[in-house]
Amino acid sequence: NAGVTQTPKFQVLKTGQSMTLQCAQDMNHEYMSWYRQDPGMGLRLIHYSVGAGITDQGEVPNGYNVSRSTTEDFPLRLLSAAPSQTSVYFCASSQGAGYTFGSGTRLTVV
Amino acid sequence: GDSVTQMEGPVTLSEEAFLTINCTYTATGYPSLFWYVQYPGEGLQLLLKATKADDKGSNKGFEATYRKETTSFHLEKGSVQVSDSAVYFCALSPGVIQGAQKLVFGQGTRLTINP
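Chains as they are written, first to last, in our numbering: chain G, 68 to 177; chain P, 21 to 135.
Keep in mind that the hints were calculated from the coordinates and are not lab data.
Mixed in with the good hints, there may be bad ones.
Within a straight-line C-alpha distance of at most 16 Å, the following computed EDC-like cross-link-like pairs (lysine to aspartate or glutamate) qualify [claimed, not checked]:
id: 1; chain 1: P; residue 1: 76; chain 2: P; residue 2: 62
id: 2; chain 1: G; residue 1: 76; chain 2: P; residue 2: 89
id: 3; chain 1: P; residue 1: 97; chain 2: P; residue 2: 35
id: 4; chain 1: P; residue 1: 122; chain 2: G; residue 2: 97
id: 5; chain 1: P; residue 1: 122; chain 2: G; residue 2: 126
id: 6; chain 1: P; residue 1: 122; chain 2: G; residue 2: 93
id: 7; chain 1: P; residue 1: 88; chain 2: P; residue 2: 22
Computed far set for chain G versus chain P, every beta-carbon distance over 10 Å [claimed, not checked]:
id: 8; residue: 135
id: 9; residue: 161
id: 10; residue: 175
Just a few of them, taken from the derived set where beta-carbon distance is under 10 Å, the chain G residues facing chain P [stated by the list, open to error]:
id: 11; residue: 81
id: 12; residue: 102
id: 13; residue: 116
id: 14; residue: 123
id: 15; residue: 125
id: 16; residue: 127
id: 17; residue: 129
id: 18; residue: 139
id: 19; residue: 158
id: 20; residue: 159
id: 21; residue: 163
id: 22; residue: 165
id: 23; residue: 167
id: 24; residue: 170
We put the beta carbon where it would ideally sit given N, CA and C, even for glycine.
Same shape as in the complex, but just chain G (with noise of 0.2 Å):
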């Protein structure tokens, strides 16, 4: 089994440019979300969503977009970057209480 596989997994951007994180899922679960991991913070939620067609906001939203157009995707946009968004992202999906993760991307905004 895939899990969940995230693209790209490094990404360099200068400010002000847009940009799409991927993620994908093949265990049908309805729930997923992204976060972000800054040294010293933990992982913080941006959004999150419940099933297709359904998203809300998490902890840190500003300045990133979602959609879930279906079960499997749940993309995760940025807007206009800045080099406050330099992370990593993981997207992670659960049904119940087990949550499986991708392994991150790692963007850095110059």
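Once you have looked at the hints, place chain P on chain G.
Then chain P, alone, in the frame of chain G:
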């Protein structure tokens, strides 16, 4: 709101030493508690979990007991190995609310084991 506090790192131990990583939480109700491990360059993996008071989660020689009276979920291992070097995250889930089971993470503790 709900929160998790872990002991500050980094933690450096010698092989075969005893490990404790402290974790305390603040939550309303009866959350589930988790320990996740992140090996270098990888995503998070579930290490163990406990869903109610006095439950003990265990896996790969690691253990943690859900202590409601002290709101703690400390991670322990009797004899660590070099391969245990990783970042460890304590987390809680307040439960399923409107279909969402959010996780609240501590800040992580980096563990290095020297041979």
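Right, here's what the structure says about each hint:
1. Taking the CA atoms of residue 76 of chain P and residue 62 of chain P, the gap is about 26 Å. The hint is violated against a cut of 16 Å.
2. This hinted pair does not check out: residue 76 of chain G and residue 89 of chain P have alpha carbons roughly 42 Å apart, beyond 16 Å.
3. Of the supplied pair hints, the one linking residue 97 of chain P and residue 35 of chain P holds, its CA atoms being roughly 12 Å apart against a limit of 16 Å.
4. The straight-line distance between the Cα atoms of residue 122 of chain P and residue 97 of chain G is roughly 13 Å, inside the 16 Å bound, and the hint therefore holds.
5. With a CA separation close to 11 Å, the supplied pair residue 122 of chain P and residue 126 of chain G stays within the 16 Å bound.
6. Taking the CA atoms of residue 122 of chain P and residue 93 of chain G, the gap is near 20 Å; set against the 16 Å cutoff, the hint is violated.
7. For the hint pairing residue 88 of chain P with residue 22 of chain P, the CA-to-CA distance comes to about 14 Å; that is within 16 Å, so the pair holds.
8. For residue 135 of chain G, the shortest C-beta to C-beta distance to chain P comes to about 12 Å, beyond the 10 Å cut-off, and the non-interface label holds.
9. Some Cβ of chain P comes within 10 Å of the Cβ of residue 161 of chain G; the nearest lies about 6 Å off, and the non-interface call is violated.
10. Against chain P, the non-interface label of residue 175 of chain G holds: every CB pair exceeds 10 Å, the least being about 16 Å.
11. Against a cut-off of 10 Å between C-beta atoms, the interface hint on residue 81 of chain G is violated, since the closest Cβ of chain P lies about 25 Å away.
12. The restraint placing residue 102 of chain G at the interface with chain P holds, with a minimum CB-CB distance near 8 Å, inside the 10 Å limit.
13. Interface restraint check for residue 116 of chain G: the shortest CB-CB distance to chain P comes to about 9 Å, inside 10 Å, so the restraint holds.
14. Here the hint on residue 123 of chain G is kept, as its CB sits about 7 Å from the closest CB of chain P, short of 10 Å.
15. Hint status for residue 125 of chain G relative to chain P: holds, with the closest Cβ pair at about 7 Å, below 10 Å.
16. A distance limit of 10 Å between C-beta atoms decides the matter here; for residue 127 of chain G the minimum to chain P is near 13 Å, and the interface restraint is violated.
17. The beta carbon of residue 129 of chain G comes no nearer than 18 Å to any beta carbon in chain P, farther than 10 Å, and the hint placing it at the interface is violated.
18. Taken as an interface hint, residue 139 of chain G does not check out: its beta carbon lies about 17 Å from the nearest beta carbon of chain P, beyond 10 Å.
19. At a threshold of 10 Å, the smallest CB-CB gap from residue 158 of chain G to chain P is about 9 Å, leaving the interface hint in force.
20. Contact between residue 159 of chain G and chain P, as hinted, is supported at the beta carbon level, the nearest pair being about 8 Å apart and thus within 10 Å.
21. Interface hint at residue 163 of chain G: satisfied, since its Cβ lies 8 Å from the closest Cβ of chain P, which is below the 10 Å cut-off.
22. Below 10 Å, beta-carbon pairs count as interface contacts, and residue 165 of chain G has one with chain P at about 7 Å; its hint therefore holds.
23. Hint status for residue 167 of chain G: holds, given a least beta-carbon distance of 8 Å to chain P, under 10 Å.
24. Annotation: interface hint on residue 170 of chain G holds; nearest CB of chain P at approximately 4 Å, less than 10 Å.
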